[in-house]
Every structure is written in structure tokens, then in C-alpha cells.
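Participant: Using the sequences provided together with the hints, build the complete structure.
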Amino acid sequence: MMQPLLDVEDLWVRFPSRQGVFDAVRGVSFTLGRERLGIVGESGSGKSMTGRAILRLIRPPGIVEAKQISLEGVDLMQKTEKEMRSVRGQKISMVMQDPKFSLNPVMSIGAQIIEAYRQHNKASQADAYAKSLEMLEAVSIRDADRVMRAYPHEMSGGMGQRIMIAMMLIPNPQILIADEPTSALDVSVQRQVLDIMDKLVKDRGMGLIFISHDLNLVADFCDRVLIMYAGRIVEICKADELAQAKHPYTRGLLNSLPRLDAPRDHLEVLQRDPEWSLAPSVSGRVL
Amino acid sequence: MLDIDALNVWFGSGRDRVDAVKGASFSVAGGESFGLVGESGSGKSTILRAIAGLAPQWSGRMVVDGQTLGQTRPKSFYKTVQMVFQDPYASLHPRHSVDQVLGETLQLHGFADIDARVVKLLEDVGLGQKFRFRYPHQLSGGQRQRVAIARALAPEPELLLLDEPTSALDVSVQAEILNLLVDLRRTRGLTFLMVSHDLSVVGHMCERLAVMKGGEIVEVMDVEALRRNAATHPYSQSLLAASI
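So the protein lines, in turn, are chains A and B. Using this note's numbering, the first residue of the first sequence is number 1, and each one after it goes up by one. Using this note's numbering, the first residue of the second sequence is number 1, and each one after it goes up by one.
The hints are simulated quantities; they were obtained by calculation from the structure and are not laboratory data. Source: prediction; values computed, not measured. There could be a bad hint or two in this list.
What the hints assert, rightly or not - Result set (EDC-like, lysine to aspartate or glutamate): computed pairs, CA atoms no more than 20 Å apart in a straight line:
#, chain 1, residue 1, chain 2, residue 2
1, A, 100, B, 39
2, A, 246, A, 42
3, A, 91, A, 72
4, A, 202, A, 35
5, B, 213, A, 186
6, A, 202, A, 137
7, A, 199, A, 137
8, A, 100, B, 87
9, B, 75, B, 104
Unchecked claim - Residues from chain B shown here face chain A by an in silico Cβ test under 10 Å; the list is partial:
#, residue
10, 30
11, 32
12, 39
13, 41
14, 175
15, 204
Backbone N, C-alpha and C define an ideal beta-carbon position, used for all residues, glycine too.
Facilitator: Pasting the structure below:
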């Protein structure tokens, strides 16, 4: 196989606390090619921390350690904070869960997208405006001219999230990390946002890391899935084979979902085995 | 048990008026579990809030247990109807312990044997004695939602209004809470009115459901019909297609 876009080896995220050091992510390894990689797990399983650690967004006192986090052969762990600034946004960008908190409420949407574009590209105001308009249309926002002048509070959740995607994709990054991008949205809008993201990722040949707690959504949308439990990867499988997953944790999660086609009196409750968190992390590296 | 007829709910006035619910009618029999589904902004939660007396501007007719509801609710109303809210992180007082939360509710409803009842309530929702003196920040999301359910059960209501009780929880915890609700309904003979955006959750919990869009009920159907994929309204069909 060709060189992967991103190679993460033995990633640890630690938080020192009064009760000792808490390990949020414990020795996670995976690679990302030009594919859609899903990371699923419950809250507290370390999936978001993994996404943030790749961009070195963990603030002190949190500690990130890894043998390597390489972007096309260049180790991000060795970069200075200043050098990281040219990676964030330009090479790897991230869409967060809630658009309400990630857009600046006192700046018009147009100004924010133009700023994102000009941060990394030398372009005149007029060029940047035209490019932003084009990008908004690419995420199927009608009436893009009006939206450019509008402020975030005037937008619905689904529109806000599409605007975030437009803003994250305008510098043309190689990797997009989407952290629960559709959890705050309705099912009907969810589909729409996913389709747009899918199309853009495919057209540009990007790598996508899709972090979610929703197993069915990930099975539907991704190529490969990592299942995380207590800071470790417990299982890796192809997305279309998720239904045949073997690890008892994955099985438990799948069985605890209510299903319309299979009515039951009681739902199955996940029985946690302390063994799961002791077993070493499964490597998701494909080399 | 519950009869809603031509219910309108609105917020604001003049040109800022928003009609959140428009002419909604449905009825729920005693012991039944009825679901309301729809996207955000469709007015499903507003109906619950109107029943509970949390939406002041409404017109139409609401009958609970034979009592026609007026603008103000008598104290006895809250002995019949209780509500569980969506976000267990926001609906518990951060500086009241579980004991205070339940004790205060019981005291307000005029119970004398508060101590014994608190113990019983905690057992009923699957939390042991050891949780009694904890504060909300010492509890997980699922445990908090159990406390919120215990609080709603404290006055021994007959009708429970459930506003997305599991949407803030992980799927594994969701299964535990849904099982708890199923058991409580059976042992206490409760009537549920449940709001959810998740069709499969409503399919699991309810016998009948209403699909809402833009403040109106577009279709009322049996869960059996939902399972057979026999929705008639195009909007319910698209909702069903999006969630499978």
C-alpha cells in the first residue's frame, strides 16, 4: 500500500490529577489513507481526545505522548507551536460538535469564512469573497449572498454546521477530523450534512476521521471503523462488516439499540468486563 | 386519561408571535404509552410543556383524568402529572444532594414518612442507599436521569410526561433507562406521553404515536403500522426512511 496520509503510533493522552495520572487515551495506533475512518465509543472512551491530540489541541496540564504522529512522513510531535499553526486548518482541519459554540457570534459569516481563507492564501478581498461564495454553494446553501452578510444566531443548526464545513474545507486541507458533526442535528438534516461531507471528501481525495457515538451512522458512512473503550482500541473492522463484529463490547453496544423491525420486551444491557480495559490496544495501522 | 383537543400554543405577540403548536388533537387512554415524534421545532416538546403548565399562552381544551385544565393548575394536578426533562445535567440543582432533591419534593406534596419514601424511591429506580447523600456532580448521566425519574415518581403520579429522556445518554445507558421506564410503567400502572426524535426509541416504548411537523400533527398511527412501514403521510414516510 502507498504511504498513508497520517500515521499515529502509540498515542497516549494523560491528565495529572490529585488522585494520580489519568490516562484518557492509552497507546492508540492507526493509519489513515484517503478513506473515511470512523472512531466510535461511549462518552469518556477517549475518541474526541484522540482527534484533538492529532492537532495537538490538548492544553496543559494535559500531556500528549506518541512514538509518532506523522503527516505524510513529517512528525507533528517534533513541530514547534508556531509550526503547528501552519498545519491546523491548512493541512488538517476539524469540525466540532456544536456550530453554536464554534462560530464567532459577533462576526458576520462572510467575514469569518474570508478570514479562514486569507489566513492561508494570499488573495484579494474580492477573490476571497468570490471563493467563499462558491464554497457556501458547494455545501448547498441557497441564497449564499444573504448568508454571507448574516450572523450565526440567524442560522439554524443544520445551516451552521454546513457553514462550519465550508469554513474548514476552504483552505483545502488533506485531512478533515469531524468530531460528532451531526449529533446536534435532526435525522433529516443529518443525512443532508453527511452527503455533502461525503461528496466533498471524495471529490478532493481527502482523508476523513469521523468521530461519533452512533454505531449505525458510522457503519453507514465510513469505510473502516475503530471501536474504542476506556482509551484503547478494542476492535477494528470494515464498516459494512460491523454487524458481524466479534468483541463483546461492540456486540453489547449493537444489541442495546432498540430496533423497529425486532420488537423486544426488554433491551439488552451491556455487561462490562474489567478484562476489556486491561487488554492491549489493537493496532489500526495498515502499512 | 389525557384528552387534547384543538390545542394552540404560541409565544410572543403582535408581529413577533410564533405559533408553536397549531390545532393539535389526540387522546391517550389510561395505562397507554403514547409517543410524539418530529424534528426540532416541530412543537412536540411544547405540547408537553403546555400540559405541565409551563407554556402560559394557549387555547383549546386539555382534559387530564376527567379534569379540564384552566390557566392555573391546582396542587392536585401535580399529584397526577409529572415530567422528566431531557437533560439530566441541567434539571437537577447542582448544590442539592439527592436526599434534598427527593425530600423537598415529598415535603411539598405533604408526605409525612419522608425518610422511608426516599429510601423506597431510590430502590425503585435502581439506585442504592449509597447514592442518597451524593451531589449531582458525583453521578453519571444515567444515574442523574434515574434521580430525575425518582423525583417525578415521588408524588405517585399517574401520567408521566417524558421529554426526550435518553437523548443525552450513551446507547448502553439508554437501554438501562428505557428498561427501567418499561418496568416502572408495568408495576405502577403509569400512563406515558413520550417525546423523542428517535423513531426506534418510540417504537420500542409506545403503542401509538403522533408525527408532528411545523406545529401540526400530520398523522396518528399504531406502532404496528410503523413497523410494517405503513405510514400514509409523505412526511412520516420520509422520517421513517431517514431513520432506518
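Participant: Determine for every hint whether it applies to the structure shown.
Facilitator: Going down the list of hints, with the structure as the test:
Straight-line distance between C-alpha atoms of residue 100 of chain A and residue 39 of chain B comes to about 18 Å, which keeps the hinted pair within the 20 Å bound. In summary, the hint linking residue 246 of chain A to residue 42 of chain A is supported, as the alpha carbons are separated by about 18 Å, within the 20 Å threshold. Simply put, residue 91 of chain A and residue 72 of chain A have alpha-carbon atoms about 10 Å apart, close enough for the 20 Å limit, and the pair holds. Between the alpha carbons of residue 202 of chain A and residue 35 of chain A the distance comes to roughly 9 Å, so the proposed pair stays at or under 20 Å and holds.
About 13 Å separates the Cα atoms of residue 213 of chain B and residue 186 of chain A, which keeps this hinted pair within 20 Å; it holds. Proposed proximity of residue 202 of chain A and residue 137 of chain A is supported: the alpha carbons are some 17 Å apart, at most 20 Å. With a C-alpha separation of about 13 Å, the suggested pair residue 199 of chain A and residue 137 of chain A falls inside the 20 Å cut-off, and the hint holds. For the hint pairing residue 100 of chain A with residue 87 of chain B, the CA-to-CA distance comes to about 18 Å; that is within 20 Å, so the pair holds.
Taking the CA atoms of residue 75 of chain B and residue 104 of chain B, the gap is about 15 Å. The hint holds against a cut of 20 Å. Hint status for residue 30 of chain B: violated, given a least beta-carbon distance of 21 Å to chain A, over 10 Å. Taking 10 Å as the C-beta contact cut-off toward chain A, the hint placing residue 32 of chain B at the interface is violated, the least distance being around 16 Å. For the restraint placing residue 39 of chain B at the interface with chain A, the shortest Cβ-Cβ distance is roughly 4 Å, inside the 10 Å limit, so the hint holds.
At a threshold of 10 Å, the smallest CB-CB gap from residue 41 of chain B to chain A is about 8 Å, leaving the interface hint in force. Checking residue 175 of chain B against chain A by beta carbon gives a least distance of about 4 Å; that is within 10 Å, so the hint holds. Because the smallest distance between the Cβ of residue 204 of chain B and any Cβ of chain A comes to about 4 Å, under 10 Å, the interface hint for this residue holds.
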